[in-house]
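Protein chains in written order, with this note's numbering: chain A, 1 to 322; chain B, 1001 to 1263.
Keep in mind the hints are simulated off the structure, nothing from the lab.
Hints should not be assumed to be uniformly reliable.
[Said to hold, decoys possible] Below 30 Å or equal to it, Euclidean Cα-Cα: the simulated DSS-like pairs (lysine-lysine) are:
#1 LYS126(A) - LYS91(A)
#2 LYS1040(B) - LYS265(A)
#3 LYS265(A) - LYS1197(B)
#4 LYS34(A) - LYS265(A)
#5 LYS147(A) - LYS1251(B)
#6 LYS1251(B) - LYS1026(B)
#7 LYS1252(B) - LYS199(A)
#8 LYS1017(B) - LYS268(A)
#9 LYS147(A) - LYS1023(B)
#10 LYS282(A) - LYS265(A)
#11 LYS282(A) - LYS57(A)
#12 LYS268(A) - LYS1252(B)
#13 LYS69(A) - LYS199(A)
#14 LYS1197(B) - LYS294(A)
#15 LYS203(A) - LYS1251(B)
#16 LYS199(A) - LYS1251(B)
#17 LYS91(A) - LYS123(A)
#18 LYS126(A) - LYS75(A)
#19 LYS203(A) - LYS1026(B)
#20 LYS265(A) - LYS1252(B)
#21 LYS34(A) - LYS75(A)
#22 LYS1251(B) - LYS1197(B)
#23 LYS147(A) - LYS75(A)
#24 LYS1252(B) - LYS36(A)
#25 LYS1008(B) - LYS1197(B)
#26 LYS1023(B) - LYS265(A)
#27 LYS268(A) - LYS1197(B)
#28 LYS268(A) - LYS1251(B)
#29 LYS1040(B) - LYS147(A)
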Amino acid sequence: MSEPILQVQDLRLGFATDSGSVPVLHGLSYTLEKGKVLAVVGESGSGKTVHALSLLKLLPPNARIEGGKIIYQGKNLLTMKESSLRHIRGKKIAMIFQDPGSSLNPVLTIGEQLCETLHAHQKISKTASRKRAVELLTQVGITDAEKRLNDYPFQFSGGMCQRVMIAMALALSPDILIADEPTTALDVTIQAQILTLIKNLQKQNGMSVIFITHNLAVAAQIADEVLVLYAGQCMEQAPAAQLFSRPLHPYTQGLLGSLASVRQKTDKLSVIAGNPPRPGDKTEGCPFAARCPKAFEKCYKACPPLYEQAGRSTRCYLQEGK
Amino acid sequence: MTNAIVVKQLYKTYEHKPWLGTKTQKEVLQGIDLTLPRGKVLGLVGESGCGKSTLCKVILGIEPATSGTVLINGQNTSGLSVRQWRVMRRQMQVVFQDPYASLDPRFSVRKLLSEPLDIHGLYAHKQDREEYLRELLRAVQLDAAFLDRYPHEFSGGQRQRIAIARALALNPQILIADEPVSALDVSVQAQILNLLKEIQRQRNLSILFVTHDFAVARFLCDDIAVMQNGQIVEYTTAETLFEHPQAAYTKKLLAAVPSVEGR
Chain A
1 MSEPILQVQD LRLGFATDSG SVPVLHGLSY TLEKGKVLAV VGESGSGKTV HALSLLKLLP
61 PNARIEGGKI IYQGKNLLTM KESSLRHIRG KKIAMIFQDP GSSLNPVLTI GEQLCETLHA
121 HQKISKTASR KRAVELLTQV GITDAEKRLN DYPFQFSGGM CQRVMIAMAL ALSPDILIAD
181 EPTTALDVTI QAQILTLIKN LQKQNGMSVI FITHNLAVAA QIADEVLVLY AGQCMEQAPA
241 AQLFSRPLHP YTQGLLGSLA SVRQKTDKLS VIAGNPPRPG DKTEGCPFAA RCPKAFEKCY
301 KACPPLYEQA GRSTRCYLQE GK
Chain B
1001 MTNAIVVKQL YKTYEHKPWL GTKTQKEVLQ GIDLTLPRGK VLGLVGESGC GKSTLCKVIL
1061 GIEPATSGTV LINGQNTSGL SVRQWRVMRR QMQVVFQDPY ASLDPRFSVR KLLSEPLDIH
1121 GLYAHKQDRE EYLRELLRAV QLDAAFLDRY PHEFSGGQRQ RIAIARALAL NPQILIADEP
1181 VSALDVSVQA QILNLLKEIQ RQRNLSILFV THDFAVARFL CDDIAVMQNG QIVEYTTAET
1241 LFEHPQAAYT KKLLAAVPSV EGR
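Build the full structure now, drawing on both the sequences and the hints.
Below you can see the structure in the form of structure tokens.
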């Protein structure tokens, strides 16, 4: 029996702009289970990155949390004092970002940056932290780690920088790793290596991972559970195997259908008409209704609730009463 | 029948002269041979830094080659004057990766699409011009009412359609597309890919299609060249490449492609 490690309940978030508040997340709820990988899949503007940042309260200054709870170890992270949050951020919940090149400090050596994390959270001697840094780099597959500690980020390739980021995130053996598009900036071969690395480390350390991506194929590769985000709402959540073999929401079906395949030649790709809504676009009913091939009258009037059945939930009237 | 593009033994070396120290050379293209037949789509696949974009630049005449020849519709491009290049570019246009960077934000769609026509003195009559601009927008499945709007009013997919319309304005025979869908949202990529395929068939365009995405290459390309470190490691028809890849590097790349099928 798996136990929940992180619970997000009805998270509402908006950005304050000159023309009023622009809502980005409209009541997002999910549960991350211990030792599982949850992939959050969405297009640009769907709120996936903002959601990740809100988990650690790393939001930009004009972001406003308008409601909801994020519960970790029985405490709501959203109402926690900054000083207590510091003990969790980086230590219990760690994060890796999309662009490894710009998340490392170019004027500090890799060793200095790795040790900085250790010193921030632990009383540890310089020799010990350096030793631990070597261990960490070796763990993420960087050879000759002892020497490379003295190198600067520009001496590392993109994939290597991402390995360093992962090493840093893992430095304090966090319970939860949030990975925000960690492979988007990388080549496919490097992407495959990084995915395998994250998966292996996750298994070894019994970590839970929230993996944010726009790439369904990557999600298919790594996730146990997938949550499809659209216009700040969960459209569908299901165990990965089920979601990919039998998607229930028309949006998920459309996304999967529109992917070109390496396995076979297709003459014409099926297409989701229109464009994803931008944050702030007002919709009465289901946010996907305007692009949905199966939409009917009801869809334009009120947004459907999440219908739950057999371990998966779908925000679509077509699932009503099934 | 001549080929649209023929590249023979193309070399490109960049020199780096640091302020202090000795100068170093980087061989970005090392003897590239490629042929794009008329009315076909040639895919150029490789990882970042392999020289794909440099090859495009050399073919487009944005960068000079160090040695080797490029023939566009049978004509050698080395030593062409600026004026001769201008004539050449009527036959060959380009679509870039990022439609947020490739459209001037101060230009209306009308001005964006008119610029190439002005340069080449085409459709000078006001009525003809208007008619033609509308036709261009129709060709990329956009509303003619968009002519007086500005790039910021459009989504990424719509912008890429405008960039494609601009490339088609001079009715070129050759299109060079440098990662035209990789900056777009997943649900929009398919729209643009279908559009490119349709336009290619309608106009019998020859397309050099640069991508890092094998699935996209399989959908669109007749032939595929796989590049690694400035060299072509495998060059064959798309069918053969996917069914029977030969080069170890191609096999490695194909194995690394994540897929939603058969997890």
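Outcome of the hint check:
no. : hint                    : verdict
1   : LYS126(A) - LYS91(A)    : holds, 19 Å
2   : LYS1040(B) - LYS265(A)  : holds, 16 Å
3   : LYS265(A) - LYS1197(B)  : holds, 13 Å
4   : LYS34(A) - LYS265(A)    : violated, 40 Å
5   : LYS147(A) - LYS1251(B)  : violated, 33 Å
6   : LYS1251(B) - LYS1026(B) : holds, 27 Å
7   : LYS1252(B) - LYS199(A)  : holds, 20 Å
8   : LYS1017(B) - LYS268(A)  : violated, 49 Å
9   : LYS147(A) - LYS1023(B)  : holds, 27 Å
10  : LYS282(A) - LYS265(A)   : violated, 39 Å
11  : LYS282(A) - LYS57(A)    : holds, 26 Å
12  : LYS268(A) - LYS1252(B)  : holds, 27 Å
13  : LYS69(A) - LYS199(A)    : holds, 28 Å
14  : LYS1197(B) - LYS294(A)  : holds, 27 Å
15  : LYS203(A) - LYS1251(B)  : holds, 28 Å
16  : LYS199(A) - LYS1251(B)  : holds, 23 Å
17  : LYS91(A) - LYS123(A)    : holds, 13 Å
18  : LYS126(A) - LYS75(A)    : violated, 33 Å
19  : LYS203(A) - LYS1026(B)  : violated, 42 Å
20  : LYS265(A) - LYS1252(B)  : holds, 20 Å
21  : LYS34(A) - LYS75(A)     : holds, 16 Å
22  : LYS1251(B) - LYS1197(B) : holds, 26 Å
23  : LYS147(A) - LYS75(A)    : violated, 42 Å
24  : LYS1252(B) - LYS36(A)   : holds, 29 Å
25  : LYS1008(B) - LYS1197(B) : holds, 27 Å
26  : LYS1023(B) - LYS265(A)  : violated, 47 Å
27  : LYS268(A) - LYS1197(B)  : holds, 8 Å
28  : LYS268(A) - LYS1251(B)  : holds, 26 Å
29  : LYS1040(B) - LYS147(A)  : violated, 51 Å
Taken one by one, the earlier hints fail for this structure at numbers 4, 5, 8, 10, 18, 19, 23, 26 and 29, listed in ascending order.
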